[in-house]
Amino acid sequence: MPRYTRAELADISGVAARTIRYYHSLGVLPKPGRAGKEVVYSDAHLDRLRDIVAMQARGLRLDAIREVFDAEPSPGAGDWRTLFDPRAAQAGERAVLVDDAELTGLLGDRGTDVLAELIAAGYLERRGDSWFVPDRPMLKGALVLYDVGTDITLSGVLRTLIRERIADLADDVVRTVRAAAGTGYGGEDIGVDLSRFRDQFLAMAWEVGGATFAAEIERAAGSVDPVEDTAERRRLHGAAGAR
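Quick note, the sequence shown lines up with residues 439 to 681 if you use our numbering.
Hints listed in this document are in silico derivations from the structure and should not be mistaken for laboratory results. Don't take every hint at face value.
Now the in silico label distances, taken between C-beta atoms and shown as ranges [claimed, not checked]:
1. A652 <-> K469: 38 to 46 Å
2. S568 <-> S480: 46 to 54 Å
3. D547 <-> K469: 33 to 41 Å
Here are the simulated lysine to any residue pairs, SDA-like style, with alpha carbons at most 25 Å apart [to be verified]:
4. K578 <-> T614
5. K578 <-> E654
6. K578 <-> E656
7. K475 <-> F507
8. K578 <-> K475
9. K469 <-> L484
Keep in mind the model is a prediction, meaning the values are calculated, not measured. Backbone N, C-alpha and C fix where the C-beta goes; we use that ideal spot for every residue, glycine too.
Produce the complete structure using the sequences and hints provided.
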């Protein structure tokens, strides 16, 4: 059976050694064995770390992850991503095909009044006997905004603005980490293979993204100068009319 030191386990898994110790303290990672005075880890510890990272990437907090492992589902009960993480299903449904009945369910009592606008704004596309939804969460967001008085065309402009800015932010985050690669963090070398840190990035995005964005929207909405606000509304409506 392969055995690893804590440093080796950290290098293979991409999880910092001090984080591994923290996971021990929370009970989400079993304690290591011992070979003389040295602590040693097995492939079971490596597999557990990979599961922890993957579940964090899908938005689960550590206390919920501990409950997942404590539950010990019976063989054949299904994959933990589906059983314990509702976001796993959502992540796979961003771009979907729906039939007429499903679309009717999505539109609800709005009926088909908004259908032409949704198509024009790129939220829906007819494909044969089905409807292609490029981004289901964005479609639902557009319908929520429609219900509070924001027309579909304007929400399409907002969707483009949000995605472009988030894309820029994601690029900046990865560039910052890449620039720090090799400089070390807490005495541990980050390394140059950023692909192994992908799940940690995703976990961070799930954890802070929505709350931070909402807080900034609230701040901006409360601090906008009335003159600037009028000019910005004109700009956005102009962009909406140009689509």
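Right, here's what the structure says about each hint:
The supplied range of 38 to 46 Å is met by A652 and K469, whose beta-carbon atoms lie about 39 Å from each other. At roughly 48 Å, the beta-carbon separation of S568 and S480 lies within the given 46 to 54 Å, and the hint holds. Distance hint check: the CB atoms of D547 and K469 are about 56 Å apart, inconsistent with the given range 33 to 41 Å. Between K578 and T614 the CA atoms are separated by roughly 33 Å; this puts the pair beyond 25 Å, and the hint is violated.
For the hint pairing K578 with E654, the CA-to-CA distance comes to about 21 Å; that is within 25 Å, so the pair holds. Of the pairs offered as hints, the one joining K578 and E656 holds, with about 21 Å between alpha carbons and a cut-off of 25 Å not exceeded. Distance check on the hinted pair: K475 and F507 sit about 29 Å apart at the alpha-carbon level, beyond 25 Å; violated. Proximity of K578 to K475 is assessed by CA-CA distance (about 57 Å); at most 25 Å being required, the pair is judged violated.
Proposed proximity of K469 and L484 is supported: the alpha carbons are some 12 Å apart, at most 25 Å.
Consistency with the previously given hints fails for numbers 3, 4, 7, 8, ordered from lowest to highest.
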